[in-house]
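For reference, the chains in residue letters:
There are 2 protein chains.
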Amino acid sequence: MTATATAEYLPSQRARWAGGQPISQLMAHALQNPDLISLAVGFVDQETLPASAAAAAWSSLFQDPHTAAAALQYGTTPGHLPLREQLLARTRHADAADPPLALEQIVVTAGSNQLLQLVSESLLDPGDIVLCAAPTYFVYLGLVAGLGARAVGVASDAAGMIPDALEETLARCQRHGDLPRVKAVYLVPYFDNPAATTVPAPRRAAIVELAKRWSKHGRIHVISDEAYRELRYAGEDLPSPRVWDEEGDTVIVAGSFSKSFSPGIRVGWGLLPRHLIGPVNDQKGNADFGSPNLNQYLMARVLELGLWEPHLARIRSSYSEKLKAMLAAADLHLARLPGVEWHRPQGGLYVWVRLPGGLDAGLDGPLFDAAVREGVLYVPGEYCYPAAGEPVQRNSLRLSFGVQSCAKIREGVEKLARALRAAG
Amino acid sequence: MTATATAEYLPSQRARWAGGQPISQLMAHALQNPDLISLAVGFVDQETLPASAAAAAWSSLFQDPHTAAAALQYGTTPGHLPLREQLLARTRHADAADPPLALEQIVVTAGSNQLLQLVSESLLDPGDIVLCAAPTYFVYLGLVAGLGARAVGVASDAAGMIPDALEETLARCQRHGDLPRVKAVYLVPYFDNPAATTVPAPRRAAIVELAKRWSKHGRIHVISDEAYRELRYAGEDLPSPRVWDEEGDTVIVAGSFSKSFSPGIRVGWGLLPRHLIGPVNDQKGNADFGSPNLNQYLMARVLELGLWEPHLARIRSSYSEKLKAMLAAADLHLARLPGVEWHRPQGGLYVWVRLPGGLDAGLDGPLFDAAVREGVLYVPGEYCYPAAGEPVQRNSLRLSFGVQSCAKIREGVEKLARALRAAG
Chain U
1 MTATATAEYL PSQRARWAGG QPISQLMAHA LQNPDLISLA VGFVDQETLP ASAAAAAWSS
61 LFQDPHTAAA ALQYGTTPGH LPLREQLLAR TRHADAADPP LALEQIVVTA GSNQLLQLVS
121 ESLLDPGDIV LCAAPTYFVY LGLVAGLGAR AVGVASDAAG MIPDALEETL ARCQRHGDLP
181 RVKAVYLVPY FDNPAATTVP APRRAAIVEL AKRWSKHGRI HVISDEAYRE LRYAGEDLPS
241 PRVWDEEGDT VIVAGSFSKS FSPGIRVGWG LLPRHLIGPV NDQKGNADFG SPNLNQYLMA
301 RVLELGLWEP HLARIRSSYS EKLKAMLAAA DLHLARLPGV EWHRPQGGLY VWVRLPGGLD
361 AGLDGPLFDA AVREGVLYVP GEYCYPAAGE PVQRNSLRLS FGVQSCAKIR EGVEKLARAL
421 RAAG
Chain E
1 MTATATAEYL PSQRARWAGG QPISQLMAHA LQNPDLISLA VGFVDQETLP ASAAAAAWSS
61 LFQDPHTAAA ALQYGTTPGH LPLREQLLAR TRHADAADPP LALEQIVVTA GSNQLLQLVS
121 ESLLDPGDIV LCAAPTYFVY LGLVAGLGAR AVGVASDAAG MIPDALEETL ARCQRHGDLP
181 RVKAVYLVPY FDNPAATTVP APRRAAIVEL AKRWSKHGRI HVISDEAYRE LRYAGEDLPS
241 PRVWDEEGDT VIVAGSFSKS FSPGIRVGWG LLPRHLIGPV NDQKGNADFG SPNLNQYLMA
301 RVLELGLWEP HLARIRSSYS EKLKAMLAAA DLHLARLPGV EWHRPQGGLY VWVRLPGGLD
361 AGLDGPLFDA AVREGVLYVP GEYCYPAAGE PVQRNSLRLS FGVQSCAKIR EGVEKLARAL
421 RAAG
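These protein sequence lines are chains U and E, in that order.
With our numbering applied, the first sequence covers 1 to 424.
With our numbering applied, the second sequence covers 1 to 424.
Keep in mind the hints are simulated off the structure, nothing from the lab.
Given the structure is predicted, the values throughout are model-derived calculations rather than measurements.
Every residue gets a Cβ at the ideal spot worked out from N, C-alpha and C, and that includes glycine.
Mixed in with the good hints there might be a few duds.
[To be verified] With a straight-line Cα cutoff of 20 Å, these simulated SDA-like cross-link-like pairs (lysine to any residue) come out:
| no. | chain 1 | residue 1 | chain 2 | residue 2 |
| --- | --- | --- | --- | --- |
| 1 | U | K324 | U | A7 |
| 2 | E | K212 | U | P11 |
| 3 | U | K216 | E | A7 |
| 4 | U | K212 | E | Y9 |
| 5 | U | K216 | E | Y9 |
| 6 | E | K216 | U | L10 |
| 7 | U | K212 | E | K216 |
| 8 | E | K212 | U | Y9 |
| 9 | U | K216 | E | L10 |
| 10 | E | K408 | E | A97 |
| 11 | U | K212 | U | P202 |
| 12 | E | K216 | U | Y9 |
| 13 | E | K216 | U | P11 |
| 14 | E | K212 | U | L10 |
| 15 | U | K212 | E | A7 |
| 16 | E | K216 | U | E8 |
| 17 | E | K216 | U | A7 |
| 18 | E | K212 | U | K216 |
| 19 | E | K212 | U | E8 |
[Claimed, not checked] Reference listing, derived: stretches of chain E covered by chain U, where coverage requires no fewer than 3 residues with Cβ under 8 Å from a Cβ of chain U:
| no. | stretch |
| --- | --- |
| 20 | 7 to 13 |
| 21 | 52 to 62 |
| 22 | 130 to 143 |
| 23 | 357 to 365 |
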């Protein structure tokens, strides 16, 4: 007996940190109840996935045997040069030429998520701190926890992270002797997941300035997760926070074609301060020594053939209709419920709903049960709050409008309203 | 000045561990001297890359709009079910039904390398020990170093890791109080990279038995890296070490379509003991929550359409010719040089060459300079030795025959012979 017991697998510290992400429970619910209308899942719209654009790019690549062979061969760790050149030109166009950006500062990754991981590995030791909006992207919270690091929530409102609250949090860290452990501010400046907020230009400037000014014990980076940037349905594009980083030493940008083209092709990228080029490529070298070449050739060809812009126009139009359907359904069914509030996002895939103070939207609370009985699924807001800093708001939830049809979105919101009445 | 100095980036411990992999110097040499005949690079043969098979699978996928959309959508963290079903059936066919293997024990990864990383993250804490053949796969040594863990070399011969030497190493670890830190034995049982050895069945059995018997302070796993298994040009396929793991709790298998189909598609997989399913998927969830769906659909369709086997026949024939060319050139040019020895591999992509005792084949040694002057590049053997355990053999080198034509292979080996005469 003793021999068996001692021969057991002893999980590494990292395995223990990474274990038990709450979202898996939610996914189990979804799998067990396939008839539920899921307003939880963050997938993209199935109808507008770019099958013909991808096929056109493939045909173009594979009509030249030399190019086909190159796409099927190994590539380099930082990624396919023509794709990185396209990204460089497009970034310069979107955000002006300053601060200067060189090709070697661009690394291609398996979605923006891998970039977040490689950067976080390069910045964070166990016990280190990342300041995040409260609420923030729950997958990133899992990633930070998986490194044994700590996410600390900063108060945010309908315009995202509040600079004054960020400064207060930094000051508090300093008072507690924790400022040397603060390594990054994580920001989703475009159509935040989950809060659906867009950070206005003056706040972007202020957050970058604060990160620089408080870099007293080592560089505090701003990780700007721009995975949704291209999914804007109203208003004008804003410059990336990196344009306020004149020295080019503070802001890391994570970008992705997953939402804006295809998650199944799964090409993301990072724009890195020079001092992170080596560390991020070292981490990527150990993980996969370069993302699949085929996917990078395919995305480069999509861009070269001018197939991305028409796709973007198509999905913006489709998501815009879905967002309108969700907001109209919310106006119709939720507005009369006391204490139920949301704001109108300019883009992205989510609507964030605040509920009456005492109502727990969590998996074990009354609302979730009622929603499942009614036949609708959402992401409980509590998953999106860092464990420290701003208090967790259990009376909140995230609705996604990416996957469902307008009819199902309306139906789902109506079911949610019934669940709210039942639980309230 | 002080403000600037303290605001610098402080690399994480992981970034420091991962930094300065020696292989990047070698790659820089290759890039700076594109006219060199590289017998160093581990790429696959450009001529036999499966452009038409990949195109046929693509056409088949994309003729059905529903399937095309599914391939372009997100998938699940463990991977595409039909692909995993194919892998399950093929594994059962290759290695018999015992020990039983279930679908949930299979995870699809970005090449076998990502599987090695996810598993190593799940097993190893800083300071932990992996026992490896000396020499072994240098990328894995970098991966282990990147986790702050220690690779310890076990003596090996022309039949790979020597079980008696493994037991001696385990006993030495126990004497030094290090046995609780030994978490895994890393083995490349088929056509090892770099040593080109194949571990015979009795040794496979003995190594698995040793890992079990010495699991006194926690499970010692055997990580069986089978990336080259399909690249056999002589003799009969051997069962995976996992067939000697009757309890199914010891052996982890890493497989890959990178060498056997296309590294640009980059689909690998793992066969996991049940207790590692959760930890490996947790790590993968934080890295990329699933490999690109498109690539998995593509490989599943390649298998379904029966396109893999004809491709394997083609590359086996091509690589077999290249291996013969390399061995014939070695017989012709190297056999007369005193103290230069190699053995004849049954498969894989490499020939391992031992040199006279005092000759340093490293980047700063006389041979490497002479080889570059002659116009040929190899991988210095010293990169392939763990820092601890068996002593580093600087008088060794790895030759790859995957990429070059038979003519270039002959020319490269002749150049190497001239360099050896110049340096010796």
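Broken hints, numbered, in rising order?
Of the numbered hints given earlier, those the structure breaks are 1, 7, 10, 18 and 23, listed in rising order.
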